[in-house]
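Q: Protein chains in written order, with the working numbering: chain G, 1 to 204; chain C, 1 to 204.
What the hints contain is simulated information worked out from the structure, not anything from laboratory work. One or more of the hints may lead you astray.
As the list claims (entries may be wrong) - Quick list of the computed label-pair ranges, beta carbon to beta carbon: (1) C:Arg80 - G:Ala24: 43 to 53 Å; (2) G:Asp126 - C:Arg108: 42 to 52 Å; (3) G:Glu160 - C:Arg142: 37 to 47 Å; (4) G:Ile176 - C:Ala9: 28 to 38 Å.
Every value quoted in this text rests on a predicted model; they were computed, and no experiment measured them. Just so you know, even glycine gets a beta-carbon here, dropped at the ideal spot from N, CA and C.
Protein chains: 2
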Amino acid sequence: MLPEQDTAARHRLKMQKRKAHQDAEVASKTIEKGLLIVHTGSGKGKSTAAFGLILRALGHDWRVGVVQFIKGVWDTGERRALERGFTDQLVWHAMGEGFTWETQDLERDKAAAEAAWAQAQRLLADPNLSLLVLDEINIALRYDYLDLEAVLAVLRARREGLHVVLTGRNAKPGLIEAADLVTEMTLVKHPFKSGVKAQAGIEF
Amino acid sequence: MLPEQDTAARHRLKMQKRKAHQDAEVASKTIEKGLLIVHTGSGKGKSTAAFGLILRALGHDWRVGVVQFIKGVWDTGERRALERGFTDQLVWHAMGEGFTWETQDLERDKAAAEAAWAQAQRLLADPNLSLLVLDEINIALRYDYLDLEAVLAVLRARREGLHVVLTGRNAKPGLIEAADLVTEMTLVKHPFKSGVKAQAGIEF
Chain G
1 MLPEQDTAAR HRLKMQKRKA HQDAEVASKT IEKGLLIVHT GSGKGKSTAA FGLILRALGH
61 DWRVGVVQFI KGVWDTGERR ALERGFTDQL VWHAMGEGFT WETQDLERDK AAAEAAWAQA
121 QRLLADPNLS LLVLDEINIA LRYDYLDLEA VLAVLRARRE GLHVVLTGRN AKPGLIEAAD
181 LVTEMTLVKH PFKSGVKAQA GIEF
Chain C
1 MLPEQDTAAR HRLKMQKRKA HQDAEVASKT IEKGLLIVHT GSGKGKSTAA FGLILRALGH
61 DWRVGVVQFI KGVWDTGERR ALERGFTDQL VWHAMGEGFT WETQDLERDK AAAEAAWAQA
121 QRLLADPNLS LLVLDEINIA LRYDYLDLEA VLAVLRARRE GLHVVLTGRN AKPGLIEAAD
181 LVTEMTLVKH PFKSGVKAQA GIEF
């Protein structure tokens with residue numbers, strides 16, 4: 001056997017084994033249910049990955065709800081893009097009034113968080129939705145603007161097929177405990193550190 | 001002063017300080033340039049966050065290119081959704097032939113990676129693009145189907161304003177070194193572990 005034939009043969013054998021392993025793995029998973037998904041960590045991509053999931057869901061002709069607990073100071077490109085093509089599949093509520101250091105008013109922040117959660121509960125009861133994104137709810141939970149146990153009780157009682165995504169840094173341990181799928185976005189390197197500004201299309 | 005007034009006043013002061021700090025931070029960042037962005041790690045959300053960035057970019061009326069180095073076995077919801085509303089802003093090439101354990105053919109995998117990179121280079125030369133996503137290119141780099149130094153030389157020579165996103169686990173140290181923005185998606189908890197299968201709309 002020539003050396004390169006040997007390499008190719010060994011590669012094929014290794015990959016055949018891996019494929020058998022993968023196929024067995026996939027076959028062993030049989031449960032289908034709505035997932036409780038958490039995107040947390042101090043890195044980028046928590047909300048962005050949630051918007052990617054929204055896009056995927058829309059491509060499957062699902063109906064999707066979004067409640068933004070913290071409304072950024074910017075009108076986001078994502079929302080503009082989604083509203084261009086999918087208004088009939090999408091219910092979007094931007095409820096927060098800005099970051100907490102923008103309002104500088106604790107009571108107003110609490111009231112905004114409660115109003116957003118009330119809106120989220122209305123969407124949780126909507127039988128047409130397949131995916132609900134509670135964007136930056138972790139911030140409201142972290143500062144105890146909302147009670148975690150009360151929120152979890154409502155989420156646990158939701159329809160079986162409904163997927164819910166909760167985003168924001170500092171997800172509480174009790175939320176991670178209750179979730180099915182948790183990803184931490186970890187900051188490895190950020191351009192702000194070398195003086196690069198927040199740019200349209202990347203940061204917002 | 002009543003205790004609740006005291007709390008509100010302290011909160012306001014703390015948030016005023018934080019806002020001053022934030023404003024100074026923002027004002028100190030003045031550089032605008034196309035970023036080299038890497039999404040890596042074994043967690044979910046690497047490609048999904050890239051698709052979220054595509055969505056944001058489309059919302060800003062940018063033109064976007066996508067080269068998929070590993071074509072999944074599924075027709076993704078993201079692509080279907082994006083092609084519904086944005087065909088004129090989007091150039092999409094699904095080049096890979098599947099996962100390496102699907103083809104079981106080293107030479108075919110290498111040829112597919114090289115063809116995808118040739119396509120990526122054509123898009124890098126397109127003056128109309130503002131964002132280029134090289135999805136799962138890290139896999140091709142990891143297995144040395146592509147030479148990292150050759151890829152980095154081409155990326156460094158790109159137009160100044162062009163943002164490039166590279167996704168896939170096991171990003172090479174040299175790529176992280178060269179990048180402006182690196183996020184590691186870390187797996188904290190995955191539903192596969194409790195027997196839940198890959199579900200349409202969530203995994204693909």
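Q: Take the hints in turn and mark each one as holding or not.
A: Each hint tested on the structure:
1. C:Arg80 - G:Ala24: 43 to 53 Å: Since C:Arg80 and G:Ala24 have Cβ atoms about 30 Å apart, the given range 43 to 53 Å is violated.
2. G:Asp126 - C:Arg108: 42 to 52 Å: With Cβ atoms ~47 Å apart, the hint holds.
3. G:Glu160 - C:Arg142: 37 to 47 Å: holds (39 Å)
4. G:Ile176 - C:Ala9: 28 to 38 Å: holds (34 Å)
The earlier numbered hint that this structure contradicts is number 1, and it is the only one.
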